[in-house]
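Chemist: The listed protein sequences derive, respectively, from chains B and H. With the UniProt record's numbering, you'll find the first sequence wraps up at 179, consecutive numbering, no jumps. With the UniProt record's numbering, you'll find the second sequence wraps up at 179, consecutive numbering, no jumps.
Hints should not be assumed to be uniformly reliable.
Unchecked claim - Mimicking EDC-like on lysine to aspartate or glutamate, the simulated pairs with C-alpha atoms at most 20 Å apart in a straight line are: (1) H:Lys-56 with B:Asp-83; (2) H:Lys-47 with B:Glu-60; (3) H:Lys-18 with H:Glu-38.
Source of the hints: derived by calculation from the structure; they are not laboratory data. Computed from a predicted structure; not experimentally measured.
There are 2 protein chains.
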Amino acid sequence: MVGGQKPLNTSTPCAACKLLRRRCAQECPFSPYFSPHEPQKFASVHKIFGASNVSKMLMEVPESQRSDTANSLVYEANARLRDPVYGSMGVISTLQHQIQSLQSELNVVRAELVRYRCNQDQNAVTATPSMVNLRGYPPVSSSICSQTASESVDFAAVSPSTTLTNMSDNKGTIRPWKS
Amino acid sequence: MVGGQKPLNTSTPCAACKLLRRRCAQECPFSPYFSPHEPQKFASVHKIFGASNVSKMLMEVPESQRSDTANSLVYEANARLRDPVYGSMGVISTLQHQIQSLQSELNVVRAELVRYRCNQDQNAVTATPSMVNLRGYPPVSSSICSQTASESVDFAAVSPSTTLTNMSDNKGTIRPWKS
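Isolated chain B, as found in the complex (with noise of 0.2 Å):
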């Protein structure tokens, strides 16, 4: 160091440094989570954040964490850059649809074991001992295979399962951007 100043990166400077044409001193911000073989990656967070937000939000940060918050940035990044208008939003409303998919066919699948099960348990009482429960499962109880009749079993109460994340914002509220 002479003068006082920074040492600067003897080797080749970070993608930051290069896309910002300025020197990249030894303790640059951006050096270590923006290799200069990776340039796209600074270029997508410099134009959603801006080069003085990303080195604030990564200094914000233990050290130890600035790597996984420096690859957030770029997938957020890269997000908004697909989906200018829902961004990384649009992915969430995707994925929570799923979620919902999935959950409804869940609990159809449910519905149809359960009834399968009460079957069993209806043919116990005649069939003989050898031709039910074959594989020792347990039987039903009487008020879920009757609810069942009526197709209005609830199987979060039956059986506790994934439920759905409840997305909120600031104020708790649940945005459907998408429909």
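Please build the complex by placing chain H on the supplied structure of chain B, with the hints as guidance.
Modeler: The following block gives chain H in isolation, referenced to the frame of chain B:
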């Protein structure tokens, strides 16, 4: 309009102009989307993206989509403020895990259902017709039953279902940010 100046908003300035302490012109790019009654919305996007980037992103989409764009930017900014390391990416990661969990659960329930149906069909060989297939389910194929016995049915092949979205970045790779 006097001397070519743009007319000002005669009512309260928008949240953006209030925060930036500037005159709110009638053609202010923020005023339709950042009401002075919800100052936190602009404060969030200002902190994460910066005012000029927000303005640029709003102007780059058709006017009819600017409201959705502003709202999705607010959502993303709030997600980043809540989770400075992963932001929206953290939400996406959580939803992806939820989908994987639901898909696994669905496969388990489907496997159980196939076993029941196989049992029922096996019973049908020895039982009287009144004892089985009470609800008219079609018989399952013997190949599926023999696969089920070894617990290796590919349910995606047996019954097409909602599948996990391939969440890829611009390089087509999935990034599992959280374990």
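Chemist: Quick one, are Lys-18 of chain H and Glu-38 of chain H close enough, alpha carbons at most 20 Å?
Modeler: Satisfied, since the Cα-Cα distance of roughly 11 Å is no more than 20 Å.
Chemist: Take a quick look at whether Lys-56 of chain H and Asp-83 of chain B sit within 20 Å of each other, Cα to Cα.
Modeler: The given pair, whose Cα atoms are some 15 Å apart, holds under the 20 Å limit.
Chemist: Take a quick look at whether Lys-47 of chain H and Glu-60 of chain B sit within 20 Å of each other, Cα to Cα.
Modeler: 13 Å, holds
The earlier numbered hints are all upheld by this structure, with none contradicted.
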